[in-house]
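*Asks:* Each chain, letter by letter, is given below.
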Amino acid sequence: MSVPENLRYSKSHEWVRIDGDTATVGITDHAQEELGDVALIQLPEVGRILLADGAFGEIESIKAVSELYSPVGGEVVAINEALEEAPETVNNDPYGDGWLIKLKVASPADADVLLDAAGYNALLEES
Amino acid sequence: MSKQLGEPLLFELSRPGRKAVELPVSDVPDAPLADLLAAADFRDDLPLPELAEPDVIRHYTHLSQRNYSIDSGFYPLGSCTMKYNPKINEEAARLPGFARLHPATPPRLAQGAMRVLYDMQHILAEIGGMDACSLQPAAGAHGELLGLMLIKAYHEDHGNGAIKDTILTPDAAHGTNPASAARCGYRTAAVKSHSRGRVDIDHLRSLLNERVAGIMLTNPNTLGLFEDNIDQIAELVHGVGGLLYCDGANMNALVGRARPGDMGFDVMHFNLHKTFSTPHGGGGPGSGPVAVKKALIPYLPSGLVAKTADGAYTFEKPGPLSIGSVAAGFGSFMVILRAYVYILTYGREKISRIAENAVLNANYLRMRLGKDLDVAYNELCMHECIFTAKRQQKAYGVKAYDIAKRLMDYGYHPPTIYFPLIVHEALMIEPTETESRETLDAFVEAMQAILTEARETPELLSAAPVTTPVRRLDEATAARHPCLRWSCDVSDGANDA
Ligand SMILES: Cc1ncc(COP(=O)(O)O)c(C=O)c1O
Chain A
50 MSVPENLRYS KSHEWVRIDG DTATVGITDH AQEELGDVAL IQLPEVGRIL
100 LADGAFGEIE SIKAVSELYS PVGGEVVAIN EALEEAPETV NNDPYGDGWL
150 IKLKVASPAD ADVLLDAAGY NALLEES
Chain B
7 MSKQLGEPLL FELSRPGRKA VELPVSDVPD APLADLLAAA DFRDDLPLPE
57 LAEPDVIRHY THLSQRNYSI DSGFYPLGSC TMKYNPKINE EAARLPGFAR
107 LHPATPPRLA QGAMRVLYDM QHILAEIGGM DACSLQPAAG AHGELLGLML
157 IKAYHEDHGN GAIKDTILTP DAAHGTNPAS AARCGYRTAA VKSHSRGRVD
207 IDHLRSLLNE RVAGIMLTNP NTLGLFEDNI DQIAELVHGV GGLLYCDGAN
257 MNALVGRARP GDMGFDVMHF NLHKTFSTPH GGGGPGSGPV AVKKALIPYL
307 PSGLVAKTAD GAYTFEKPGP LSIGSVAAGF GSFMVILRAY VYILTYGREK
357 ISRIAENAVL NANYLRMRLG KDLDVAYNEL CMHECIFTAK RQQKAYGVKA
407 YDIAKRLMDY GYHPPTIYFP LIVHEALMIE PTETESRETL DAFVEAMQAI
457 LTEARETPEL LSAAPVTTPV RRLDEATAAR HPCLRWSCDV SDGANDA
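For the record, the sequence lines run as chains A and B.
Our numbering numbers the first residue of the first sequence as 50 and each following residue consecutively.
Our numbering numbers the first residue of the second sequence as 7 and each following residue consecutively.
Extracted from the complex, chain A is given alone in its bound form (with noise of 0.2 Å):
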């Protein structure tokens, strides 16, 4: 299972990428392999905000549909909208090309406070 150490995590499953003031926000490589196939995924429309551990999209595998959360809050600024036509890039590649949304943070340290690599890794040990 791979848990890249320059991201942060949440309890429930999502990393996030900070790059100045833009977070990039996805699902681990342990949640798509828990959901199995990805099927379906909605997301916001560009110019919400959201707040942190806010929903912000449902995800639908042939398993579950599941909600997603965003580890920090910010305004949607872009939504990867190549997944509609190829939801499997979430699986195949979770934290590059399979990344969920981009939201613009006004602090971009409340990102400090998330899990860091190892101690998402202690989190996957546990359960």
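To be clear, the hints were calculated from the coordinates, so they are not data collected in a lab.
Here the structure is a predicted model, which means the values were calculated and not measured.
Do not rely on the hints blindly, as some may be mistaken.
If we take Cβ atoms under 8 Å as the criterion, some of the chain B residues that face chain A in the derived model are [unchecked claim]: (1) 45; (2) 47; (3) 424; (4) 427; (5) 478; (6) 485.
One side of the interface only, derived from the structure: several residues of chain A facing chain B at Cβ under 8 Å [what the hints assert, rightly or not]: (7) 86; (8) 89; (9) 103; (10) 111; (11) 112; (12) 113; (13) 136; (14) 137.
Far from chain B, by Cβ distances over 10 Å, these chain A residues were calculated [claimed, not checked]: (15) 67; (16) 71; (17) 83; (18) 87; (19) 92; (20) 93; (21) 96; (22) 104; (23) 130; (24) 131; (25) 153; (26) 163.
The beta carbon of each residue, even a glycine, is placed where N, CA and C say it ideally should be.
Here the structure of chain A is known, so what remains is to put chain B with the ligand in place on it, guided by the hints.
*Replies:* Leaving out everything else, chain B with the ligand in the frame of chain A:
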């Protein structure tokens, strides 16, 4: 589809002009269709298949031979209660007095059928510990919707309609519970389960306030465990003016032994197609009667049967507070009839044997199979038991999904998997009461063989099934690009998918 199945579609078998019956020339004078129907109602692009009778019969017979049913083998689909459907039910349903009865027959000419409805209202109310019962809903989920509409009507009638906007459901609930609540206009909140797989009372307390219109509970719950704090839950929810809805999907564990009405539930549904042995799973329509306590009777839908002073059965005129009608007439009559026969076959004295043997069988499987496959919450279970393949997944990369597929090669219908959602790699096994010890033993041996394969030759499991007419289906593509109808434009390849 057709290629893989090895059975051509009726559309592919079609030959222009071929037909099954030759109708005699009509001696009724005919009028041009255009005089009878509006132009907008005409279409000439509807290619219906043209076939001879033997072609049609063989087609459907071939398909039926591919079917797996409770009549062909063990069907341990958890939460679905795939019990044997006794043939005496069918015998009664085929009596001409029932089978030939037109739904619009005036009640005074259909007193036998009216009595079946009347008796079932009372029998189900008694089994549920309730005061009245509507037979209208067409399935469990439809019953949930009706139950919630009754709860809503009750709160509105008591002046609390605006404030009571929330329905609680446990995190282990069947998806239809929150869906029905949302459909009824409620917001939903999930109550956590504690480490013993029951409602976490502290979390419930934290969610309770005057906005709570009610809670939907399945008891035994979807983990196959009895909610042993049900008294306390009822007291807490009633304490904030909320009502208790019992999802009766698991009544097979209780019938004749314990009654939701006595546990504090105000309203419940039955799944006649589960607990009361009527065909389902492609075998027939469902039926989800809703039984209520006195306080909810005024809101019940139309279609209730009453008995007059001189012993005649009539449809009751709905009162001013009735929510109206949720289905045409009186529900799925032929299903209700079969369930009636089933209940009378056992009778009042013996009906509790259903629950007793269902629980015994589930615990037998838990003890025997639990040696090789972990039980999610290992304690006395009710009518079903939830196993987890988490250990097999970690050690051999074999998932519940693979085990389920491999079971098909061993000749079994797979159990329910990945439900409830709170159990990782869940396999939910419900044996039902009608299975013999020999059947259960054979199933355990098949599962043991599969678990040995998981350890030694896991690739057998990831390739399964190999003996079925179609191999492993690409469920993700089916969900991503559903092909839901035959298209005459075969060049697009849609029919080969
Ligand atoms: C626990 C539970 N609740 C509700 C339902 C819905 O019942 P139905 O399929 O009759 O609509 C089911 C169906 O499997 C169930 O298992």
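*Asks:* Please write out, lowest number first, the hints stated earlier that are contradicted by the structure.
*Replies:* 1, 2, 5, 9, 17, 18
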